[in-house]
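Chains as they are written, first to last, in this note's numbering: chain G, 4 to 117; chain Z, 2 to 119.
Hints in this document: simulated from the structure, not taken from any laboratory. Don't take every hint at face value.
As the list claims (entries may be wrong) - In silico contact screen, one side only, chain Z against chain G (beta carbon under 8 Å); selected entries:
1) E43
2) L44
3) T72
4) L91
5) P107
6) F110
Stated by the list, open to error - Quick list of the computed label-pair ranges, beta carbon to beta carbon:
7) T21/Z <-> E8/G: 18 to 28 Å
8) T23/G <-> M42/Z: 22 to 32 Å
9) K19/Z <-> T29/G: 17 to 27 Å
Quick reminder that beta carbons are idealized off the backbone N, C-alpha and C, glycines included.
For reference, the chains in residue letters:
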Amino acid sequence: KNQVEQSPQSLIILEGKNCTLQCNYTVSPFSNLRWYKQDTGRGPVSLTIMTFSENTKSNGRYTATLDADTKQSSLHITASQLSDSASYICVVSDRGSTLGRLYFGRGTQLTVWP
Amino acid sequence: EADIYQTPRYLVIGTGKKITLECSQTMGHDKMYWYQQDPGMELHLIHYSYGVNSTEKGDLSSESTVSRIRTEHFPLTLESARPSHTSQYLCASSENGKGGMAYNSPLHFGNGTRLTVT
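With the rest of the complex left out, here is chain G (with noise of 0.2 Å):
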């Protein structure tokens, strides 16, 4: 069982919608989440990264939330724009080693229309 769940699986919203992606973990010990956008194509780019002290961290229209209590994190996009269709991963690093293992969602498939 994956150790990262994203809900929904994929989501449809109108140009200028709000959206709210969902990330529930059990990584366990917790260092940080972050969550990355993936265009079709391209490599993921890194959005937010959240320690366990952070509940919140904004980065334009994307806002991200943490609940370290219950695990859970999510990802708001205000007003939605063409350009926001993309995937988008939840990642949540441990402190298991110097790395930091990484535990990857399998992403949510958002699809702004116009």
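Given the structure of chain G, go ahead and fit chain Z onto it with the hints provided.
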């Protein structure tokens, strides 16, 4: 935008061929990684490197090998390609985080090589 480059972008080869996927970064990052990504699935770590002359196998059993002779270069080689190797291969790098650890350093990804073995 991250300065990490992968070549080729697309590759179609026959079974049994030897191939090398190239990855270079100009950011001076010590840590580099190779991931495999299939549609709708999570990324799987196949190799990583802490620095020059340091390489380790990742979680995914792989018949590939890597080398790290220079900081900026981290090529991945398949000695004998098979159809099961068909996938997207992503290279990434990260700088040392606080205290020399990469905990809070983002990964910078290349745009990947899509490999098809026929």
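For each hint, the structure was consulted:
no.	hint	result
1	E43	4 Å, holds
2	L44	5 Å, holds
3	T72	17 Å, violated
4	L91	5 Å, holds
5	P107	4 Å, holds
6	F110	3 Å, holds
7	T21/Z <-> E8/G: 18 to 28 Å	36 Å, violated
8	T23/G <-> M42/Z: 22 to 32 Å	23 Å, holds
9	K19/Z <-> T29/G: 17 to 27 Å	40 Å, violated
When held up to the earlier numbered hints, the structure conflicts with 3, 7 and 9 and fits the remainder.
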